[in-house]
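Enquirer: Here is what each chain is made of, one letter per residue.
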Amino acid sequence: MSKEKSFEEALEELETLVKELENGDIELNDAVEKYNKGMELSKHCHTLLKDAEEVIVKMMEDNQLKDFDE
Amino acid sequence: MDKQYLTVTALTKYIKYKFDNDAHLKNVLLKGEISNFKHHSRGHFYLTLKDDNAQISAIMFASNSKKVKFKPEDGMSVTVEGYLSVYERTGQYQIYITKMNETGLGNLYVAFEQLKKDLEKEGLFDQRHKKQIPSFPKNIAVLTSPTGAAVRDIIHTVNRRFPLTQITVYPTLVQGEYAKDNIVEQIKKVNANNRCDVIILGRGGGSIEDLWPFNEEIVAREIFSSNIPIISSVGHETDFTISDFVADLRAPTPTGGAEIAVPSKEELFKYLKTLNTQSDNALKRLLKNRKRSFKKVRDSIIFHDPMRITEAMSNKLDYLTQKLKILAPIARIEQAKKDLVSLDKQLGNTYQDILNQKTNQFKYILNTLKHVNPLNIMEKGYSLTKKEGKIIKSINDITQGDLVDVNLKDGAFKAEVKSLRKETEDE
Numbered sequence: 001m002s003k004e005k006s007f008e009e010a011l012e013e014l015e016t017l018v019k020e021l022e023n024g025d026i027e028l029n030d031a032v033e034k035y036n037k038g039m040e041l042s043k044h045c046h047t048l049l050k051d052a053e054e055v056i057v058k059m060m061e062d063n064q065l066k067d068f069d070e
Numbered sequence: 071m072d073k074q075y076l077t078v079t080a081l082t083k084y085i086k087y088k089f090d091n092d093a094h095l096k097n098v099l100l101k102g103e104i105s106n107f108k109h110h111s112r113g114h115f116y117l118t119l120k121d122d123n124a125q126i127s128a129i130m131f132a133s134n135s136k137k138v139k140f141k142p143e144d145g146m147s148v149t150v151e152g153y154l155s156v157y158e159r160t161g162q163y164q165i166y167i168t169k170m171n172e173t174g175l176g177n178l179y180v181a182f183e184q185l186k187k188d189l190e191k192e193g194l195f196d197q198r199h200k201k202q203i204p205s206f207p208k209n210i211a212v213l214t215s216p217t218g219a220a221v222r223d224i225i226h227t228v229n230r231r232f233p234l235t236q237i238t239v240y241p242t243l244v245q246g247e248y249a250k251d252n253i254v255e256q257i258k259k260v261n262a263n264n265r266c267d268v269i270i271l272g273r274g275g276g277s278i279e280d281l282w283p284f285n286e287e288i289v290a291r292e293i294f295s296s297n298i299p300i301i302s303s304v305g306h307e308t309d310f311t312i313s314d315f316v317a318d319l320r321a322p323t324p325t326g327g328a329e330i331a332v333p334s335k336e337e338l339f340k341y342l343k344t345l346n347t348q349s350d351n352a353l354k355r356l357l358k359n360r361k362r363s364f365k366k367v368r369d370s371i372i373f374h375d376p377m378r379i380t381e382a383m384s385n386k387l388d389y390l391t392q393k394l395k396i397l398a399p400i401a402r403i404e405q406a407k408k409d410l411v412s413l414d415k416q417l418g419n420t421y422q423d424i425l426n427q428k429t430n431q432f433k434y435i436l437n438t439l440k441h442v443n444p445l446n447i448m449e450k451g452y453s454l455t456k457k458e459g460k461i462i463k464s465i466n467d468i469t470q471g472d473l474v475d476v477n478l479k480d481g482a483f484k485a486e487v488k489s490l491r492k493e494t495e496d497e
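From first to last, the protein sequence lines are chains B and F.
All residue numbers for the first sequence refer to my numbering, where the first residue is 1 and numbers rise by one.
All residue numbers for the second sequence refer to my numbering, where the first residue is 71 and numbers rise by one.
No wet-lab data here; the hints were simulated from the structure.
Computed from a predicted structure; not experimentally measured.
Some clues are possibly wrong.
[As the list claims (entries may be wrong)] Dumping the calculated DSSO-like pairs for lysine-lysine here, alpha-carbon to alpha-carbon at most 27 Å:
hint	chain 1	residue 1	chain 2	residue 2
1	F	Lys343	B	Lys58
2	F	Lys343	F	Lys200
3	B	Lys37	F	Lys361
4	F	Lys258	B	Lys58
5	F	Lys484	B	Lys37
6	B	Lys19	F	Lys361
7	F	Lys343	B	Lys50
8	B	Lys19	F	Lys358
9	F	Lys258	B	Lys66
10	F	Lys358	B	Lys58
11	F	Lys484	F	Lys460
[What the hints assert, rightly or not] Which stretches of chain B does chain F cover? Using the computed rule of at least three CB atoms under 8 Å from a CB of chain F, they are:
hint	segment
12	19 to 31
13	37 to 45
14	52 to 60
[What the hints assert, rightly or not] Pulled a few chain B residues facing chain F out of the computed Cβ check, cut under 7 Å:
hint	residue
15	Phe7
16	Glu8
17	Leu14
The beta-carbon is built from N, C-alpha and C at its ideal position, and this holds for glycine as well.
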């Protein structure tokens, strides 16, 4: 799985996987694969949120993007 | 000679003395519009009275303010009575109000209500125009003063809730006469740059004048036409501006705006946990169902008693053989032959029956004919009288002088009617 996946993308994929799993009409092999992938996505989301540093704040001044000092 | 320097206190006391002893300032009747109104917890009113060109600080002590029957608020026009004096600590002169009456709503308030009504009628506040705020914004444009408390509140709140997003501050004038044009310009810029997926437009609390740019029509129209959704977060909880109504979402404060803009980390953790539990349960359920299906197959009778299969097969074979025999062509031909013989016999029987029946029928009809033949009756001496070929059945069929034909069993003769005698039923 690509680690570049954004939180939103990962969460959306995870939601789809859970829906498919809950549907029940699925091969067991497939289910186990989806489950593992879901767990990985969940961990990815978790890590993204947990490890997020402070929000990146920029300032748009004179059409130039600058660092913003509080 | 040494210059005499006054102390600030001495000068202030002198000025205060001048105010206090001026006859005109001892009893002042004043009209103006309330602004910056604050109701102190001890009951005093602090406010500014203003008109188009000037303003004056005012205070009304609790002993007097408790007699005011209405609830003063910013934008209200009032008439007051009071006296002028100086508050030495701040060096401020102010009017000490003793009586206050309401004279109507202030001009700003009227303007606000008018614009709100017009824009609402035009449909600018309609729910159907509201754009969806993205669930996980990637970059939030913050339009406010880069030095105010609002921008810090927003950054801190986003940091706390969802630091995966980014913030781009667009320094914006949020009060004063140039603010409205600047706000419009910055909204246009955010749309042109198209780096951000949501806008928080706002500022901290202030007087109705301070917040006024957010009640300007050009600001309202720019918010309306922005392609990027806008969250309006102006002033405090109780402040409502035109911007709030036209924006895609209204937040009570800048902090509230940030809370609406991004999801909460804590809630997301909880949600992830729920999804994990759901996956676990789904997989468990799936395994259980598969196990049950497997068990059902494994426990099937066939695995326990394989002879059953051959028995069942043998039964089926017998049945089919039997059926085959019945359906064989030779058997059918034999059957058909038998059927034919039987039919021949039936046909012979039927022919004789019909012949007998017809003979009997003929004899019967012959007999009947004999009985009804009119010749049989005339044999006994009766005659048949006709007039112009028609049988006469009633006295009414003839008149005197008619020529009639009388038929007998062995001949006929013509006769003339000599007289008529009608037999009535009464006789």
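Enquirer: Next, verify each hint and record whether it holds.
Expert: Against the structure, the hints come out as follows:
Taken as a hint, the Lys343 of chain F and Lys58 of chain B pair is broken in the structure, with Cα atoms around 33 Å apart against an allowance of 27 Å. Of the pairs offered as hints, the one joining Lys343 of chain F and Lys200 of chain F is violated, with about 32 Å between alpha carbons and a cut-off of 27 Å exceeded. The straight-line distance between the Cα atoms of Lys37 of chain B and Lys361 of chain F is roughly 23 Å, inside the 27 Å bound, and the hint therefore holds. With a C-alpha separation of about 18 Å, the suggested pair Lys258 of chain F and Lys58 of chain B falls inside the 27 Å cut-off, and the hint holds.
A distance of roughly 131 Å separates the Cα atoms of Lys484 of chain F and Lys37 of chain B; the hinted pair therefore is violated under the 27 Å criterion. Between the alpha carbons of Lys19 of chain B and Lys361 of chain F the distance comes to roughly 22 Å, so the proposed pair stays at or under 27 Å and holds. Our distance criterion of 27 Å between C-alpha atoms is met by Lys343 of chain F and Lys50 of chain B, whose separation comes to about 14 Å. Restraint check for Lys19 of chain B and Lys358 of chain F: the C-alpha separation of about 18 Å stays at or below 27 Å, so the hint holds.
Our distance criterion of 27 Å between C-alpha atoms is met by Lys258 of chain F and Lys66 of chain B, whose separation comes to about 19 Å. A threshold of 27 Å between alpha carbons decides the hint, and for Lys358 of chain F with Lys58 of chain B the separation of about 53 Å lies outside it, so the pair is violated. With a C-alpha separation of about 14 Å, the suggested pair Lys484 of chain F and Lys460 of chain F falls inside the 27 Å cut-off, and the hint holds. Chain F is given as covering the segment 19 to 31 of chain B, and this holds because 6 residues of the stretch bring a CB closer than 8 Å to a CB of that chain, at least three being needed.
Check result for the segment 37 to 45 of chain B against chain F: holds, 4 residues qualifying (beta carbon to beta carbon below 8 Å, three or more required). Counting residues of the segment 52 to 60 of chain B whose C-beta sits closer than 8 Å to any C-beta of chain F gives 9, which meets the bar of three, so the coverage hint holds. With a cut of 7 Å, the hint placing Phe7 of chain B at the interface with chain F holds, because the nearest CB-to-CB distance is about 5 Å. Taking 7 Å as the C-beta contact cut-off toward chain F, the hint placing Glu8 of chain B at the interface holds, the least distance being around 4 Å.
Because the smallest distance between the Cβ of Leu14 of chain B and any Cβ of chain F comes to about 6 Å, under 7 Å, the interface hint for this residue holds.
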